[in-house]
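Q: For the record, the sequence lines run as chains L and W.
Be aware that the first sequence starts at 35, since it is given in our numbering, and climbs by one per residue.
Be aware that the second sequence starts at 35, since it is given in our numbering, and climbs by one per residue.
Derived from the structure by calculation, the hints contain no laboratory data.
Hints are supplied without guarantee of correctness; some may be wrong.
Which copy is meant is left open, so a pair is good if it fits within one copy or across any two.
[What the hints assert, rightly or not] Distance condition first, Cα-Cα at most 20 Å in a straight line; then the derived PhoX-like pairs of lysine-lysine:
1. Lys300 with Lys420
2. Lys131 with Lys300
3. Lys391 with Lys144
4. Lys245 with Lys305
5. Lys245 with Lys131
6. Lys391 with Lys245
7. Lys131 with Lys208
8. Lys208 with Lys420
Since we're looking at a predicted model, the values are computed, not measured.
The residues making up each chain are set out below.
2 protein chains.
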Amino acid sequence: MTSPIEYARANAERFRQDLHALLRIPSVSATPELAGEVRRAGQWLVDEMTRIGFPSVELVETAGHPIVYGEWLTAGADAPTILLYGHYDVQPADRVKDNWDSEPFEPIEKDGKIIARGSTDDKGPVVAHLKAIESIIQTTGALPVNLKVIFEGEEEVSSLHLGAFVSANLDRLKADACLISDTSIYAPDIPSIVYSLRGLVYMELHVQGPKDDLHSGVYGGTVHNPAQALAEIITQLHNPDGSVAVSGFYDEVQPLSDEERAALAKVPWRKADWAMGTGLELPWGEAQYSLRERVGARPTLEINGMASGFYGEGAKTVLPAKAMAKISCRLVADQDPRRIYERVRDFVASITPATVKSEVRLLHTGDAALVDRHSQPVQAAVQAYKAGWGGAEPVFVREGGSIPIVANFQRDLGIPVVLMGFGLDTDGAHGPNEHFHVERYHKGIETIIHFYSAYADLFAAGR
Amino acid sequence: MTSPIEYARANAERFRQDLHALLRIPSVSATPELAGEVRRAGQWLVDEMTRIGFPSVELVETAGHPIVYGEWLTAGADAPTILLYGHYDVQPADRVKDNWDSEPFEPIEKDGKIIARGSTDDKGPVVAHLKAIESIIQTTGALPVNLKVIFEGEEEVSSLHLGAFVSANLDRLKADACLISDTSIYAPDIPSIVYSLRGLVYMELHVQGPKDDLHSGVYGGTVHNPAQALAEIITQLHNPDGSVAVSGFYDEVQPLSDEERAALAKVPWRKADWAMGTGLELPWGEAQYSLRERVGARPTLEINGMASGFYGEGAKTVLPAKAMAKISCRLVADQDPRRIYERVRDFVASITPATVKSEVRLLHTGDAALVDRHSQPVQAAVQAYKAGWGGAEPVFVREGGSIPIVANFQRDLGIPVVLMGFGLDTDGAHGPNEHFHVERYHKGIETIIHFYSAYADLFAAGR
């Protein structure tokens, strides 16, 4: 008799081709004109889940992009129920503008990588889950766990309507654990379980100077140039030591305990990985914290974009009327995103010169999250990684990114959330040439297969 | 017998309609796709000049947009020869992006204004000249001066090929004075003659951080954000007192003499005009110089544009790979644009942090110019303004803008340049809702008619 693992290996080529099919759908949730493509990607998942045997699966309408929801609840009351979450929407990508080497929505395989927008974030992991389920069903005829599946179409636009869906379906979504594969592992040979995620507050800073664009020769030198004023404000948002200068920014940040710093220090930090991922030699930021601490345990403030005046080809001697920056903060536990927004807003107001007007607008927020490392499903993930990654012991890390719904799931459903990812920080999520290593796609499928049986065993033993 | 002035008044309505026709051609020299429209505007002028009787007129090919060149040399050796210069290309304009209230290339008349891109800069004055010539010819049958006419199609892209045309035609372009209507007058009831124009150096400042756009959650806090680094660099380009901080920036700037400051102070500065033009209450800049001195007699450094990362609708949590600013300096006499570029480049290099790379690229340069206020053609302009503006005495001003070819004409042809404009600083040149007052269009035509006869008289008397 064939085992699920053997089945997955025998079907590896087809499993990749199926992922390619989903990657070809440009399901960019931020682009209104692509709403139809987002829906098409959701329908693709519904069809795929129907094909592999889900007894129940549907495209749930929301006020925005639809949610794929499926159930497979045949494992009985002695088996745990897992709420699986992933997302099928992706970040925007333009081959020319964003400097891709190939078309973002025409997946290619090269140097052992599947290259396409969404390959690592998050279509690759999503399809890996479906392939793991198919492998178990096709070889054993039954799942060892009960499954509830949410695949969201709005993760990249801050999960606008997922909260309402969860709140309206608290009974239906009841589960023993939530499983999410939307984080990175530490290194190719070091799997990792994320136990901390940062929150997020996303803002726009607008500076208004003269009422209209002016001729720089006629008014230059008498008007406070709003691009320059924006630069002056941005410069003052950080202190020379790399810390954020916004008054009160760190008020709720808990100091890292010596124990946790020691534990984090055990994670083998490789500066070479950082240098490879960034192409840089010199890091920047809070020198008293390690790089790993800076991205995981410390809040940050970043400029995501900036625009003012004329920035096309050639020369236009304009004195711009206005300037704008997109600014986001990554937050740690106990930092309330809305309160941080208010502090940024008030600080910007306090440093804005009288010669211009400024406004800080709130775009969206997401809460930070901390996961219990000692919970049963997290321990099942430890076993699954060991089995799927050739015996490698996973490490526990604080992740710099934000998955706001993790905090929501923990709060609303009261269940532990297992963050079991397969990609790498260097996969180029949100950037050009995003990729997912073929090897880790297949290792991910096997790890998921192991997870379901390990969790079922631990759960049964614990009863 | 009808006089030229009477003819111009009788034909006022048609004269405006003809200007509208030229304004409808989107001759944006900076936009490669509109090259055909630039040529069409040039051909429109050739046709119009042919219609009013120019014995010789042609569209001269260059490596870029064509030059309109015409001659009318029938006034004889006792009459002066005027080299008339204007330009028929315009700045870019987009109704939505640039916040126009009407279509930039569909001229409308409202509240006594002709509203369209190019109306004041410089199609209105160019057509005014042709209408003045037509009025003289149709009523007197002959011009009192010899005319050589250059209408350029590349003024807004730094007159890329005009210098070569002038150099190659020094004999052909020989004249007693150069006449240009591409400057503003001081106030609606105060005509003015510009005797000083600033030079220009236009640059791009590029900052490169990581090799690609990165995920702000994964790398934020460890990488010097290039948008922030650009902001830090831009902030340091000025001192807190509004002066330019670039080392050596003012080395060649001649201090304003007490006599010239006193003369400039006589020009009635109206802060209300500045406030109306800018929509602002508080000026900015070098407090020890008057606003008029700041825009005319002092060099400046302005940010013309800025771009980095994601600046579209919505949120993208990117850590940008690069950031860019367009920067230009207005220069006064004795400042060499290329040397100023080198000083900006070296200064930026000296303040660029080791965590990013920067580069300052030179886009183009133009020399500053000073005109002899006592020359015969300038005195003819004084008389013409008095006649055309109801007896108003013109004032002499230093203009903040740049017409690099003024310096070229003075240097290459060795003749005085008369800057006799009709628009206002508040006409919105280079900005949205550019307009030219109907009244000043017609006053301009009459002033030009008076200029030709006044100059002919002075010239004959001086022989």
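Q: All hints are to be evaluated individually against the structure, with a verdict given for each.
A: Cross-check of the supplied hints:
no.: 1; hint: Lys300 with Lys420; result: within (18 Å within a copy, 86 Å between copies)
no.: 2; hint: Lys131 with Lys300; result: neither (40 Å within a copy, 53 Å between copies)
no.: 3; hint: Lys391 with Lys144; result: neither (50 Å within a copy, 30 Å between copies)
no.: 4; hint: Lys245 with Lys305; result: between (48 Å within a copy, 16 Å between copies)
no.: 5; hint: Lys245 with Lys131; result: between (30 Å within a copy, 14 Å between copies)
no.: 6; hint: Lys391 with Lys245; result: within (11 Å within a copy, 34 Å between copies)
no.: 7; hint: Lys131 with Lys208; result: neither (44 Å within a copy, 49 Å between copies)
no.: 8; hint: Lys208 with Lys420; result: neither (28 Å within a copy, 89 Å between copies)
In the structure shown, a violation is registered for the earlier hints numbered 2, 3, 7, 8, in ascending order.
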